[in-house]
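2 protein chains.
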Amino acid sequence: MLYQPHLLKNFRFEKSDLPSDEKKQLISQLSERLGKLQLQVQKDKLPVLVLVEGWGTAGKGSRIASMIRSLDPRFFEVISVSSPSAEELAKPFLYRHMKNIPESGKFIFLDSGWMDESIRAMQSGELSEEEYAHRLEDIRIFERQLCDNGYLLVKLFLHISKKEQDKRINDLLSHADTRWRISEHDLQQNRQYEQNINDFDEYLQATHLPYAPWQVIDSSHRKQSDIDCLTALCSCIEAALEQKQAGVPLGAQENSAQKSFPLIKMPLLDEVALNQEMSRKEYKKQLKFYQKKLRKLHNQIYRWKIPVILAYEGWDAAGKGGNIKRITSALDPRGYKVIPVAAPKPYELARHYLWRFWQNLPKRGHIVIFDRTWYGRVMVERLEGFCTESDWKRAYTEMNEFEQQLTDWGAIVLKFWIQIDKDTQLKRFEERQNTPEKQWKITDEDWRNREKWDEYEQAVNEMLQKTSTSYAPWHIIESNCKYYARIKALRILTETLENAIDQAQSRK
Amino acid sequence: MLYQPHLLKNFRFEKSDLPSDEKKQLISQLSERLGKLQLQVQKDKLPVLVLVEGWGTAGKGSRIASMIRSLDPRFFEVISVSSPSAEELAKPFLYRHMKNIPESGKFIFLDSGWMDESIRAMQSGELSEEEYAHRLEDIRIFERQLCDNGYLLVKLFLHISKKEQDKRINDLLSHADTRWRISEHDLQQNRQYEQNINDFDEYLQATHLPYAPWQVIDSSHRKQSDIDCLTALCSCIEAALEQKQAGVPLGAQENSAQKSFPLIKMPLLDEVALNQEMSRKEYKKQLKFYQKKLRKLHNQIYRWKIPVILAYEGWDAAGKGGNIKRITSALDPRGYKVIPVAAPKPYELARHYLWRFWQNLPKRGHIVIFDRTWYGRVMVERLEGFCTESDWKRAYTEMNEFEQQLTDWGAIVLKFWIQIDKDTQLKRFEERQNTPEKQWKITDEDWRNREKWDEYEQAVNEMLQKTSTSYAPWHIIESNCKYYARIKALRILTETLENAIDQAQSRK
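Order-wise, the sequence lines are chains A and B.
Mapping of the first sequence onto the working numbering: residues 466 to 973, in sequence order.
Mapping of the second sequence onto the working numbering: residues 466 to 973, in sequence order.
These aren't lab readings, by the way, just hints derived from the structure by calculation.
One should not assume that every hint holds.
Heads up, the list lumps identical chains together, so a pair's fine if it works in one copy or across two of them.
What the hints assert, rightly or not - Pairs of lysine-lysine, BS3-like flavour, derived with a Cα cap of 27 angstroms:
#1 Lys-790 to Lys-688
#2 Lys-489 to Lys-947
#3 Lys-510 to Lys-810
#4 Lys-510 to Lys-973
#5 Lys-564 to Lys-810
#6 Lys-501 to Lys-730
#7 Lys-488 to Lys-892
#8 Lys-903 to Lys-709
#9 Lys-892 to Lys-828
#10 Lys-508 to Lys-810
#11 Lys-474 to Lys-903
#12 Lys-761 to Lys-973
#13 Lys-501 to Lys-709
#14 Lys-564 to Lys-828
#15 Lys-802 to Lys-564
#16 Lys-753 to Lys-947
#17 Lys-917 to Lys-757
#18 Lys-761 to Lys-488
#19 Lys-628 to Lys-770
#20 Lys-802 to Lys-489
#21 Lys-858 to Lys-753
#22 Lys-489 to Lys-730
#23 Lys-903 to Lys-770
#24 Lys-757 to Lys-508
#25 Lys-627 to Lys-892
#26 Lys-790 to Lys-730
#27 Lys-489 to Lys-688
#28 Lys-810 to Lys-790
This structure is a prediction, so every number in the text was calculated from the model and none was measured.
Could you put the whole structure together from the sequences, leaning on the hints where they help?
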């Protein structure tokens with residue numbers, strides 16, 4: 466049944482009086498209904514994420530087994546979410562959950578997920594009260610972003626009484642072959658059943674969202690709970706397919722757009738002076754100075770475990786590649802990665818547009834440099850019509866939220882817009898065209914994009930206004946003179962790292 | 466220089482008398498040469514795996530930094546191979562190394578890899594002498610398979626003297642920001658320098674293969690070792706490109722084909738009787754019996770941490786899907802995965818053909834069921850010309866080796882050929898065609914394959930003769946009667962699991 470405040474605490478477990486045979490038949494029918502729905506899910510490209518949470522021994526595995534019975538292995542995967550690994554612990558909390566979201570047209574069944582993990586962390590004191598409140602907010606954002614981007618999120622909580630849990634634990638413990646199924650955590654949860662009821666109720670209430678509501682399943686009886694899970698899943702899918710076919714968005718949409726962020730006022734691109742110059746001699750001197758500094762700072766950010774994310778955007782031929790190279794050549798190759806961002810691969814395109822960026826976040830103490838970024842959403846995808854108007858309009862908020870999650874985690878997020886004027890681009894395009902070794906760097910697409918310079922400029926201006934936040938600011942790097950641009954980027958990077966390390970040291 | 470027996474022990478460290486400026490210029494030239502080669506590597510689709518092993522503090526990171534300086538981030542990745550994670554430890558040794566092989570046309574630089582890991586395991590006693598010898602053989606097979614399948618494997622060992630290592634360790638330890646670079650393992654390696662020389666010499670000699678030789682780099686001096694690494698890399702790439710263009714295979718080819726395996730004599734397909742029958746009533750009874758048994762065994766294989774790999778092959782419409790379903794419906798969904806194998810995705814096609822199967826191996830205690838398998842190489846890929854004749858002829862050995870590695874690791878490997886006759890296939894095709902809900906299961910390709918029945922039958926016969934080994938046997942499942950087939954598969958599976966569990970218990 467749909468969640469309502471304190472539902473678990475006041476729950477009335479009830480035995481249905483349907484005869485066993487009729488239950489069996491009902492399960493068969495529901496299973497068949499789901500089997501047919503999977504083809505429509507596939508056809509309509511609906512991604513379906515089924516999150517199964519609940520008490521230990523409540524039967525999460527058996528319920529998932531019953532839901533997948535009629536599904537084709539090509540269309541679903543079951544993921545058993547265990548404690549985070551060392552690698553996952555070195556990434557933000559949502560990293561490993563974002564990793565598991567389905568491709569469009571497919572199902573993922575999660576055997577517990579971010580609810581279980583977060584409540585455990587709160588109960589163990591690993592998260593303070595304040596951090597836990599923050600965590601709940603992160604989860605709401607995560608779930609809203611999924612639904613806004615067309616995901617169907619079905620959230621089931623399997624509920625059993627203390628008495629029932631006692632009995633199941635004892636049964637499993639009494640056989641050598643099933644003893645491993647009971648973990649220390651299950652025992653502890655059982656001992657503190659009442660406290661857990663309260664914690665679960667609090668969590669369910671805090672994350673019971675209109676577009677991703679919780680359904681509580683009475684799991685005392687096997688067949689009855691199979692019926693309830695299958696019914697919930699089928700109804701949710703049918704409703705989502707109907708909404709999708711009618712063009713009604715699955716998520717919250719308008720609400721999220723009203724969120725406000727601490728924005729920094731940015732100039733318009735045509736207000737940016739581009740007459741800076743730097744001589745080769747001065748450049749060589751400063752390059753040596755800053756690269757030496759950066760080399761040292763790289764050791765320090767590793768020592769202080771600070772993750773660094775550097776985002777490069779800019780006009781074609783603005784000099785992003787060369788600029789990045791001057792940074793990486795001062796770095797230990799084991800501590801950084803450059804991620805060249807091109808058009809998404811089919812398996813990337815079939816997921817939330819931020820998915821591929823989440824996959825490439827640095828570990829703590831490492832640097833990731835994105836050569837083009839998630840901002841493609843509000844530039845090329847917007848202008849070429851690769852996403853809807855509501856998609857790109859919503860994206861400013863989504864990207865501000867994304868970067869806030871990263872900086873809250875402790876990351877430095879630096880964004881460079883590499884700026885040149887139209888004449889300089891033309892000169893560089895022609896030079897590439899006329900130099901045999903450089904010809905592969907220039908394509909017809911570059912020329913086509915150039916024709917849309919004014920539209921792009923307008924989109925970039927809007928992006929800079931709406932996404933330059935105090936925690937993840939944009940820096941405009943004037944790059945008519947590449948020497949000047951490289952040194953400016955190095956200077957901003959080293960200054961930012963120095964500040965972060967100073968802060969880390971003073972917190973120590 | 467190329468490795469020769471006891472080279473490290475008798476190594477003469479020498480300082481080149483080239484002036485520093487000339488070295489710098491030489492590095493520039495080599496770097497530019499490599500920059501040009503990368504475009505050819507990309508064009509000729511050569512995958513390049515650069516393995517950098519050597520002493521702690523020998524400068525692996527700096528050498529890699531110098532090799533990647535002129536490479537475009539789209540074409541390479543640096544992977545720092547650390548100790549295996551818990552997930553990796555639950556998979557066979559080669560799993561995590563296979564994971565890292567490059568796509569064709571790209572470079573991977575590994576900062577130490579299977580050499581470092583294996584020597585550590587031997588030194589710590591985790592591998593017995595016999596197991597270490599076995600490990601070395603596995604490594605030779607791995608490297609040979611890579612080269613046979615068109616990989617360029619460049620193996621560099623960075624050598625420094627004890628005195629030099631002493632000095633570098635002390636330097637790094639003396640600064641707070643670099644102290645983290647020295648691990649306990651580095652210190653121990655330094656204390657037991659002489660023992661390590663012997664272990665390294667032994668390893669290098671055992672894995673110095675004609676198609677993947679070791680190059681030992683004197684790493685006492687920064688610039689000189691940059692020159693040596695760049696020279697080695699450029700020469701290897703040039704030689705490989707030349708071989709590739711001349712159509713000369715990069716690997717050992719003929720040698721591997723002579724290997725013999727403990728084969729089981731298999732009947733020809735047309736000798737297999739297909740008149741078995743089972744009534745629905747008998748089927749229902751036996752299904753219940755075996756599924757109950759299997760459910761229990763699933764708990765036991767988890768308890769005894771036995772990995773299980775089930776490979777399904779068979780004619781179109783032979784009933785693979787339904788057969789698999791009768792197995793999975795007895796299993797806990799958290800302990801198994803079905804991998805439907807279709808045509809490889811672009812990122813799979815760009816790698817060794819076994820790569821995607823390595824990626825999908827079970828953890829210890831889990832079951833993976835492949836719906837179609839690596840045997841596609843000697844069936845569809847052979848008959849449709851998706852690989853060369855030498856590719857599929859070599860594949861029998863490669864697959865026998867692959868399965869041997871899996872069973873040596875402790876896995877059960879069971880292979881089912883689901884057999885029907887041509888008339889039964891026709892009947893089922895027509896039924897699919899005429900049943901609206903089943904039409905999606907039948908495609909033009911199925912009909913085209915049917916026309917090649919005889920060619921396929923010949924290929925299947927050859928496959929069964931050459932790859933039914935005592936450790937990973939084929940079982941022919943007669944499937945004109947699907948009931949009979951399902952029960953036979955369940956019976957073989959449960960019997961095999963029972964035997965394995967008995968053995969595990971008796972070893973205890």
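Verification of the supplied hints:
1. Within a single copy, Lys-790 and Lys-688 get their C-alpha atoms only as close as 62 angstroms, which misses the 27 angstroms cut-off; across copies the closest is 20 angstroms, which meets it.
2. Taking the closest pair of Cα atoms, Lys-489 and Lys-947 come within 27 angstroms of each other only across two copies (24 angstroms); inside a single copy the shortest separation is 73 angstroms, beyond that limit.
3. Within a single copy, Lys-510 and Lys-810 get their C-alpha atoms as close as 16 angstroms, and across copies as close as 19 angstroms, so both meet the 27 angstroms cut-off.
4. In this homomeric assembly, Lys-510 and Lys-973 never come within 27 angstroms of each other (Cα to Cα): the closest approach is 50 angstroms inside a single copy and 50 angstroms across copies.
5. Taking CA atoms no more than 27 angstroms apart as the test, Lys-564 paired with Lys-810 passes in both settings, with 16 angstroms inside one copy and 19 angstroms between copies.
6. With identical chains, the CA atoms of Lys-501 and Lys-730 are never at most 27 angstroms apart, being 53 angstroms at best within one copy and 44 angstroms at best between copies.
7. Taking the shortest Cα distances, Lys-488 and Lys-892 never come within 27 angstroms of each other, neither inside one copy (75 angstroms) nor across copies (35 angstroms).
8. In the homo-oligomer, the alpha carbons of Lys-903 and Lys-709 lie at most 27 angstroms apart only across protomers (25 angstroms), although the nearest pairing inside one protomer, at 46 angstroms, exceeds that limit.
9. In this homomeric assembly, Lys-892 and Lys-828 never come within 27 angstroms of each other (Cα to Cα): the closest approach is 40 angstroms inside a single copy and 56 angstroms across copies.
10. In this assembly of identical chains, the alpha carbons of Lys-508 and Lys-810 lie at most 27 angstroms apart whether taken from the same copy (20 angstroms) or from different copies (20 angstroms).
11. Taking CA atoms no more than 27 angstroms apart as the test, Lys-474 paired with Lys-903 passes in neither setting, with 69 angstroms inside one copy and 47 angstroms between copies.
12. When the C-alpha separation of Lys-761 and Lys-973 is checked against a cutoff of 27 angstroms, the pair qualifies only within one copy, where the shortest distance is 20 angstroms, while the shortest distance between copies is 53 angstroms.
13. Taking identical chains as interchangeable, the C-alpha atoms of Lys-501 and Lys-709 lie at most 27 angstroms apart only when both belong to the same chain, with a minimum of 17 angstroms there against 50 angstroms between chains.
14. Taking identical chains as interchangeable, the C-alpha atoms of Lys-564 and Lys-828 lie at most 27 angstroms apart whether they share a chain (15 angstroms) or sit on different chains (19 angstroms).
15. Proximity of Lys-802 and Lys-564 under a CA criterion of 27 angstroms is satisfied in both settings, with 19 angstroms inside one chain copy and 18 angstroms between copies.
16. Taking the shortest alpha-carbon separations for Lys-753 and Lys-947, only the intra-copy value of 16 angstroms comes in at or below 27 angstroms, while the best inter-copy value is 74 angstroms.
17. For the homomeric pair Lys-917 and Lys-757, neither the shortest alpha-carbon distance inside one copy (40 angstroms) nor that between copies (66 angstroms) is at most 27 angstroms.
18. For the identical chains of this complex, Lys-761 and Lys-488 are inter-copy neighbours only, at 25 angstroms across copies versus 69 angstroms inside a copy, given an alpha-carbon limit of 27 angstroms.
19. Taking identical chains as interchangeable, the C-alpha atoms of Lys-628 and Lys-770 are never at most 27 angstroms apart, the minima being 46 angstroms within one chain and 32 angstroms between chains.
20. Only between protomers do Lys-802 and Lys-489 lie at most 27 angstroms apart by alpha-carbon distance; the minimum there is 26 angstroms, versus 55 angstroms within a single protomer.
21. Taking CA atoms no more than 27 angstroms apart as the test, Lys-858 paired with Lys-753 passes in neither setting, with 43 angstroms inside one copy and 56 angstroms between copies.
22. In this assembly of identical chains, the alpha carbons of Lys-489 and Lys-730 never lie at most 27 angstroms apart, being 64 angstroms within a copy and 46 angstroms across copies at closest.
23. In this assembly of identical chains, the alpha carbons of Lys-903 and Lys-770 never lie at most 27 angstroms apart, being 39 angstroms within a copy and 55 angstroms across copies at closest.
24. For a Cα distance limit of 27 angstroms, the shortest separation of Lys-757 from Lys-508 qualifies neither inside one copy, at 56 angstroms, nor across copies, at 36 angstroms.
25. In this homomeric assembly, Lys-627 and Lys-892 never come within 27 angstroms of each other (Cα to Cα): the closest approach is 75 angstroms inside a single copy and 55 angstroms across copies.
26. With identical chains, the CA atoms of Lys-790 and Lys-730 are never at most 27 angstroms apart, being 29 angstroms at best within one copy and 60 angstroms at best between copies.
27. Taking the shortest Cα distances, Lys-489 and Lys-688 sit within 27 angstroms of each other inside one copy (7 angstroms), while across copies they are farther apart (76 angstroms).
28. Taking the shortest alpha-carbon separations for Lys-810 and Lys-790, only the intra-copy value of 25 angstroms comes in at or below 27 angstroms, while the best inter-copy value is 32 angstroms.
Comparing the model with each earlier hint shows violations of hints 4, 6, 7, 9, 11, 17, 19, 21, 22, 23, 24, 25, 26; every other hint is respected.
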